[in-house]
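Chains as they are written, first to last, in numbering that gives the first Met the number 0: chain Z, 0 to 305; chain D, 0 to 305.
Think of the hints as simulated: they come from the structure by calculation, not from any bench.
Incorrect hints may have been included.
One copy or any two copies: either way a pair holds, since identical chains are not told apart in the list.
No farther apart than 16 Å at their CA atoms in a straight line, the calculated lysine to aspartate or glutamate pairs in the EDC-like style are these [said to hold, decoys possible]:
#1 233 to 146
#2 213 to 158
#3 206 to 266
#4 87 to 51
Everything numeric in this text was worked out from a predicted model, so none of it was measured.
2 protein chains.
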Amino acid sequence: MNTKITELLGIKYPIIQGGMAWISEHKLAAAVSDAGGAGLIAGGNAPAEVIEREIAAAKALTDKPFGLNIMLMSPNADDLAQLVIDEKLAFVTTGAGSPGKYIEAWKSAGVKVLPVVPGVTLAKRMVRAGADAVIAEGCEAGGHIGENTTMCLVPQVADAVDVPVVAAGGIADGRGLAAAFMLGAVGVQIGTRFLAAQECQISQTYKDVVIKAKDTDSVVTGRIATTHPVRGAKTKFSRAILELEKCGCSSDEFEEKTAGALKKAVDGNVDEGSFMCGLIAGMVNEVKPAADIIDEIIRTAGGLLK
Amino acid sequence: MNTKITELLGIKYPIIQGGMAWISEHKLAAAVSDAGGAGLIAGGNAPAEVIEREIAAAKALTDKPFGLNIMLMSPNADDLAQLVIDEKLAFVTTGAGSPGKYIEAWKSAGVKVLPVVPGVTLAKRMVRAGADAVIAEGCEAGGHIGENTTMCLVPQVADAVDVPVVAAGGIADGRGLAAAFMLGAVGVQIGTRFLAAQECQISQTYKDVVIKAKDTDSVVTGRIATTHPVRGAKTKFSRAILELEKCGCSSDEFEEKTAGALKKAVDGNVDEGSFMCGLIAGMVNEVKPAADIIDEIIRTAGGLLK
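So here's chain Z without its partners, still in its complex pose (with noise of 0.2 Å):
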């Protein structure tokens, strides 16, 4: 299954890990890119300290090429975009923005760029920039999201840009990613099926909240209140903070409510967790090694296309 995005980034699967704070860590990011997908960590906010180490423990798991997303809001993404020079990674995700002032530093220094963009006009103004693919995402992903869905979305963004487009949200098997194949995208970026992957080192408490989901148990929050919507999962939590927006708390109420409280999620906080995965949750029933989600995607996608 070779595409423009397997050549780009030097891998046998066009599957992208979502980058994913506090969650997308050494073992998960090397667990898919050595059963052929393009394996993530997540820089979140994390000190560029903690990120190298995490570099260190991925190239000590595999020797197939990963990559670094950075969320270009955090206070070390300076550091962060330096790292990924310094550690010769293959490739960059960025979330949260536009990389545009490190792009020309990582080209000289031959790292493949991907920002994920939910929108045309983000989309295109990265490609000026010098991006070499981008990742259009929809509004059914996890964590912090945009207004436009990926079937609307991806073929839109296709049209405008002249590089490779990566689709992302609601993708979580084979029938997504060859539906996103027919729209224009040339690989996908899949973050909520990977949260069940054996590999990923969150709580078994959020492990149990993705494949317990149903198809309407997912909550965007945010929306109101602030200028910042995430998407997570329905849980106690997440319907209070909504109702607390929709009676008018304030941005910097919503903040002090909600702080820190991925990481509570990760760390198995039921009461106080905000269990961030995406719409497509609804079908994620299994924990599953990385390598076993990706051969699935592949069959079921190859069979389709046929």
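With chain Z held as given, fit chain D onto it using these hints.
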């Protein structure tokens, strides 16, 4: 392009036209059916006499099968349900609830029944009640919407029921049709693309709003003040309504401000009209005859699926 849905409805192409209140009238329905799709007249809140005339007018324009969409919250739903039988229509689609109480009579009369469903639970319930197929509609659709997306909803509904699944929401070209097939659907329902059909009798102003819309020019109102979210084009009016909601307006105030707004849009009132349309309006750039729209979709999808 024969599928279970073309067989079920006796149509040439697996494309059902959306039942858009105030919009889907005889000329559009007849044009879509004549071109090989499944045309639909929308009952909306109209009295049965009005719809009876619409049906007569459509029958005068085409001898191909067409159907009626019944909005179940309409005060005239009972009358329209009977009209479907009296007029020996080929099929009926339903929105805004469960048509369970009508299904037996429709089936006895040979009318095929296709409820629009926003989630897996209602899909299963409809199939138990005797639905011949279900239309799984993602929140990228225009008008009243649920909270799931086409990409996530379609495969989950396809896994849950053993009747044909039609994908709706976010589909406006052959890429969307091909993607829907990959996700497990055997046909699509298309609304927004037909807003820009030559035969669609909305004002030129409305068509211009759809054609000029970019990927980000979509707004969902009613999520905060009501339990019935509605998607439409981003205009001064729809943004004002959203702001009103964010400031905590009551559902009564919301209803008062928006009552009749769709009809105003149909008539070309930019200032007070609610220009309901799907998120995929960003990809609709040209007015064409319905037959050309359908031909283009089928040709593109056919090429992709080869």
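Quick rundown of the hints versus the structure:
no. : hint       : result
1   : 233 to 146 : between (19 Å within a copy, 12 Å between copies)
2   : 213 to 158 : between (33 Å within a copy, 13 Å between copies)
3   : 206 to 266 : within (11 Å within a copy, 51 Å between copies)
4   : 87 to 51   : within (12 Å within a copy, 71 Å between copies)
The earlier numbered hints are all upheld by this structure, with none contradicted.
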